[in-house]
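Place chain L on chain R using the hints.
Protein chains in written order, with our numbering: chain R, 42 to 190; chain L, 42 to 190.
Accuracy of the hints is not assured; some may be wrong.
[Unchecked claim] 25 Å max Cα-Cα, derived DSS-like pairs, lysine-lysine: (1) R:Lys-167 x L:Lys-118; (2) L:Lys-118 x L:Lys-167; (3) R:Lys-118 x L:Lys-114; (4) R:Lys-167 x R:Lys-118; (5) R:Lys-118 x L:Lys-167; (6) L:Lys-118 x R:Lys-118; (7) L:Lys-114 x R:Lys-167; (8) R:Lys-167 x R:Lys-114; (9) L:Lys-114 x L:Lys-167.
[To be verified] Beyond 12 Å from chain L on every Cβ pair, some chain R residues (computed): (10) His-73; (11) Thr-74; (12) Glu-78; (13) Gln-79; (14) Gly-81; (15) Ile-106; (16) Asp-109; (17) Ser-110; (18) Pro-152; (19) Arg-153; (20) Phe-157; (21) Pro-180; (22) Asp-181.
It should be emphasised that the hints constitute simulated quantities derived from the structure, not laboratory data.
Built from N, CA and C at the ideal position, the CB exists for glycine as well.
Number of protein chains: 2
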Amino acid sequence: MITRIDHVGIACRNLEESIEFYRVTFGFEVYHTEVNEQQGVREAMLRINGTDDGGSSYLQLLEPIREDSPIAKFLEKNGEGVHHVAFGTADVVGETQAAVDAGVRALYPEPRHGTFGSSINFLHPKDCHGILTELVQAPDAGSHGADRH
Amino acid sequence: MITRIDHVGIACRNLEESIEFYRVTFGFEVYHTEVNEQQGVREAMLRINGTDDGGSSYLQLLEPIREDSPIAKFLEKNGEGVHHVAFGTADVVGETQAAVDAGVRALYPEPRHGTFGSSINFLHPKDCHGILTELVQAPDAGSHGADRH
Chain R
42 MITRIDHVGI
52 ACRNLEESIE
62 FYRVTFGFEV
72 YHTEVNEQQG
82 VREAMLRING
92 TDDGGSSYLQ
102 LLEPIREDSP
112 IAKFLEKNGE
122 GVHHVAFGTA
132 DVVGETQAAV
142 DAGVRALYPE
152 PRHGTFGSSI
162 NFLHPKDCHG
172 ILTELVQAPD
182 AGSHGADRH
Chain L
42 MITRIDHVGI
52 ACRNLEESIE
62 FYRVTFGFEV
72 YHTEVNEQQG
82 VREAMLRING
92 TDDGGSSYLQ
102 LLEPIREDSP
112 IAKFLEKNGE
122 GVHHVAFGTA
132 DVVGETQAAV
142 DAGVRALYPE
152 PRHGTFGSSI
162 NFLHPKDCHG
172 ILTELVQAPD
182 AGSHGADRH
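Bound-form chain R, shown alone (with noise of 0.2 Å):
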């Protein structure tokens, strides 16, 4: 079961920038930033607000550390803007496999590393709609899609 829209994953060329933009237009502040070599991205999550399963949702701010980069290359392809939209589930594997079931294609076999030491997987953009989605599944989510915190 999909339990709350985690975040919206947003690519931008310039974190520090993006992160200024984000401040000062909306008062939002950084919870909390890594690299994910994996992604080639380092990324800042700023947290928008608690969602009734327990977690949060955010804006996910990713900038490319590599030219061959996914991010990269849609910063190439499409300028700055909304990259992925990710759903958090208690059971990555399971929503992935419903996902298969109904006809849409996982980028990976098994889920990835993500942010937080979240499980993640990608469903495949021409198989919804037009829209990069990626089910997150936080490290300790139980059956009841527990906080990542």
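Only chain L this time, still in chain R's reference frame:
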């Protein structure tokens, strides 16, 4: 103050097909539908989770009802995908002004009619690092960002 991700607005060519996609793939159900003549769309709201300001987060599926609607133009240029990101606030006028004061252009001089009878404004994507950004105030939103329901 912005208190939640209110919704992610998604441009689609056929509302029924997108509704069916989200139902079959993720189990999301239609919470509300309406036609917004001013915006030139018919839309379906899929409620994903409750938020800790007493509101909810939705996916908003948008199909154009005429060729000159912004959603029709978006589809022609970009195909289906994320059209905008909307943040919930108890004070759409004040939040819009704060953004304008920070150097961001608002699309309307006064709020317009949004989903559920809400008051909305949009911020120019070129001033928001590529993202068309909406601000939403529920019709009954008081100082605590109360839910619209």
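How the hints compare with the structure:
no.: 1; hint: R:Lys-167 x L:Lys-118; in the structure: holds (16 Å)
no.: 2; hint: L:Lys-118 x L:Lys-167; in the structure: holds (16 Å)
no.: 3; hint: R:Lys-118 x L:Lys-114; in the structure: holds (19 Å)
no.: 4; hint: R:Lys-167 x R:Lys-118; in the structure: holds (16 Å)
no.: 5; hint: R:Lys-118 x L:Lys-167; in the structure: holds (16 Å)
no.: 6; hint: L:Lys-118 x R:Lys-118; in the structure: holds (14 Å)
no.: 7; hint: L:Lys-114 x R:Lys-167; in the structure: holds (20 Å)
no.: 8; hint: R:Lys-167 x R:Lys-114; in the structure: holds (17 Å)
no.: 9; hint: L:Lys-114 x L:Lys-167; in the structure: holds (17 Å)
no.: 10; hint: His-73; in the structure: holds (17 Å)
no.: 11; hint: Thr-74; in the structure: holds (17 Å)
no.: 12; hint: Glu-78; in the structure: holds (24 Å)
no.: 13; hint: Gln-79; in the structure: holds (24 Å)
no.: 14; hint: Gly-81; in the structure: holds (19 Å)
no.: 15; hint: Ile-106; in the structure: holds (18 Å)
no.: 16; hint: Asp-109; in the structure: holds (22 Å)
no.: 17; hint: Ser-110; in the structure: holds (18 Å)
no.: 18; hint: Pro-152; in the structure: holds (17 Å)
no.: 19; hint: Arg-153; in the structure: holds (20 Å)
no.: 20; hint: Phe-157; in the structure: holds (18 Å)
no.: 21; hint: Pro-180; in the structure: holds (20 Å)
no.: 22; hint: Asp-181; in the structure: holds (18 Å)
No hint from the list above goes unmet by this structure.
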